[in-house]
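Peer 1: The lines below spell out each chain.
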Amino acid sequence: MAATLRDVTTYDLKLAAPLAAGFVLFFVTPLAILLALSFQTDPQGGHYGLTQYVNFLGDRFSLGVLGSTLWLGVKVTALTLLLGYPVAWLHQRSPGWARGLIMLLVLLPLLTSVVVRTFAWVVILGRQGIVNATLAWLGLIDTPLKLLYTDGGVVVALAQVQMPLMVLPIVTALGRIDPNFADASSVLGAGHWRTFRKVILPLSLPGIVAGCLLTYAAAITAFITQSLIGGGQMLFMPMYIYQQASTLQNWPFAAAISIVFLVSVLVVVSIFNALGRLSRGYANA
Amino acid sequence: MSNTNPGTNPGRRIDLDALSFRIVMTAIALAALVLLVAPTVVVIWVSFTSGYSLKFPPPGYSLRWYAELWNAWQLQFAMMNSLKVAAWATGLSILLGVAASLGIARSPTLTAKVLDSLFLSPLVLPALAFGLSSLMFFSMVGVPVSPLTLVIGHTVVSVPFVVRNTVASLAQMNPSLLEASSSLGAGRWYGFRRITLPLIRPGVMAGGFIAFMASFDNVPVSLFLRDAATDMLPIRMWQDLEGRLDVTVAALSGILIVLTIALMLVMERVAGLSKRLT
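If you read the sequences in order, they're chains A and B. In this text, residue positions in the first sequence follow full-length UniProt numbering: the first is 1, and each later residue adds one. In this text, residue positions in the second sequence follow full-length UniProt numbering: the first is 1, and each later residue adds one.
So that you can see chain A by itself, here it is in the shape it has in the complex (with noise of 0.2 Å):
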């Protein structure tokens, strides 16, 4: 009796084969062919070999293109934590109608169309945009500013698009922390600077790296940002994938390029992971 009770508070493991075979032949499947196309020495086939990233990986202009996406990630994400923590500490500590008004906001931008807030800063960071209208209106230049096509505009576009994902894990981590620390902290005599060095920030440090993780996958992946704000004279890596299996139809080195580019997101996101393990330690003990 004791048995069949404990059974029928689980299911069945059977009802997750219909979306594991759908996911080994619509999404393993096609990784491996990617793979395997990657060690394709020329596009009509037959030789395979390790050309594709030898081409990669000695081509100076290539190598370029990959770390300035990565870079960017760290830009971004830099950026996004500095904005987003004090978010996440007001909504922590507002009341309760101020708490779900900044999580309205907060959400908006990731429930939003990315085209559609892309576009947004188009026009805020283009000529006749908001910004140049300011400035020109406060007499403070006279020729519109380049601001779109620039690297600040692409790290400040994907710091709002991407922003949502850093703020939800550290509201998350903020709730989590008992507020009798802080107490102790200042009646131990410490003041708010020091509490919040000494005492808060550690002990989100696990919601800081999961934001972190999120924010940087998302922005060296963000395809229409980066395009639309960067414009044609900053590449990197998806729109090169693009470029080389759409336009161009090299179909072996946009395979190869996709790979280096998976490794890449993968080792960071390794990287978070063992730095979450080491900070969920540390806050826990």
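Derived by calculation from the structure, the hints in this document are not laboratory data. Errors might be hidden in some of the hints.
Taking lysine-lysine pairs in the BS3-like style, the calculated list, with each CA pair at most 30 Å apart, reads [what the hints assert, rightly or not]:
no., chain 1, residue 1, chain 2, residue 2
1, B, Lys113, A, Lys14
2, B, Lys55, A, Lys146
3, B, Lys275, B, Lys84
4, A, Lys198, B, Lys275
5, A, Lys75, B, Lys275
6, A, Lys75, A, Lys198
7, B, Lys275, B, Lys55
8, A, Lys146, A, Lys75
Over the 10 Å line for every Cβ pair with chain B, so calculated as not near, a few chain A residues [claimed, not checked]:
no., residue
9, Ala17
10, Phe56
11, Leu57
12, Leu70
13, Ala78
14, Leu203
15, Gly276
Going by beta-carbon spacing under 8 Å, a handful of chain A positions derived as facing chain B [as the list claims (entries may be wrong)]:
no., residue
16, Leu15
17, Ile224
18, Asn273
Glycine included, each C-beta is placed from N, C-alpha and C at the ideal position.
Fit chain B to the supplied structure of chain A, relying on the hints for placement.
Peer 2: Structure of chain B alone, referenced to chain A:
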């Protein structure tokens, strides 16, 4: 959380310290919130322009670009395609994702853990690489791209949202409820319908909503898996924007923003959306 500690406050130094801390944090937070909202406000604002360009501030205000949407058949066509694909992908995601979640959520086996990571992995992998690999796969097996391949690709990238939210709901469910119903003579199907399903419904709905938005908004997978006849809305808008800054797109964006906010508020009511995302 109490922020002032009367009685333990030794003097001016702490006040300055507290004040500077709060001012700095609040100022950055407010600046960040403005940054978060600015694009939405700007799009809605310029969509009411009476001019032909997205000049800011608009020379005058009118509803002409919203009226223009009635004739924008390309955008309407693309929107219908996107809605159809998103509806199919969401339906499949819920059907397959909920079943899979039931199977893996309470199972302690390694298989279940591996499957859980597998089902969530499209969230971190670059979608563009997946889109390209799918195209290679379909061309290799000789299946031409069509609305069907689109739905399959979209389902793969949407299903993680359903799985994540459903597994979380199942983990929070108290299993003794099922034991109780079973000991009172309820069958498994009855127990599922009357206990499990009502308890996980908000999680499934929130997951389904996010899956729908993810599919509706997807560009990287659609770029590779659509056929020439199937224009998708985000791609159409993106290409319109690359060419020229079209005010009709601003009007359409305004409509999409209002619809999104309305849906968000409904989902917050019926499924506690914000709690599920944190």
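Peer 1: Look at each hint and say if it fits the structure.
Peer 2: Hints and how they fare:
no.: 1; hint: Lys113/B <-> Lys14/A; verdict: 14 Å, holds
no.: 2; hint: Lys55/B <-> Lys146/A; verdict: 15 Å, holds
no.: 3; hint: Lys275/B <-> Lys84/B; verdict: 29 Å, holds
no.: 4; hint: Lys198/A <-> Lys275/B; verdict: 28 Å, holds
no.: 5; hint: Lys75/A <-> Lys275/B; verdict: 29 Å, holds
no.: 6; hint: Lys75/A <-> Lys198/A; verdict: 25 Å, holds
no.: 7; hint: Lys275/B <-> Lys55/B; verdict: 39 Å, violated
no.: 8; hint: Lys146/A <-> Lys75/A; verdict: 20 Å, holds
no.: 9; hint: Ala17; verdict: 8 Å, violated
no.: 10; hint: Phe56; verdict: 14 Å, holds
no.: 11; hint: Leu57; verdict: 18 Å, holds
no.: 12; hint: Leu70; verdict: 13 Å, holds
no.: 13; hint: Ala78; verdict: 14 Å, holds
no.: 14; hint: Leu203; verdict: 13 Å, holds
no.: 15; hint: Gly276; verdict: 13 Å, holds
no.: 16; hint: Leu15; verdict: 4 Å, holds
no.: 17; hint: Ile224; verdict: 6 Å, holds
no.: 18; hint: Asn273; verdict: 10 Å, violated
In summary, the structure is inconsistent with hints 7, 9, 18 from the numbered list given earlier, while agreeing with the others.
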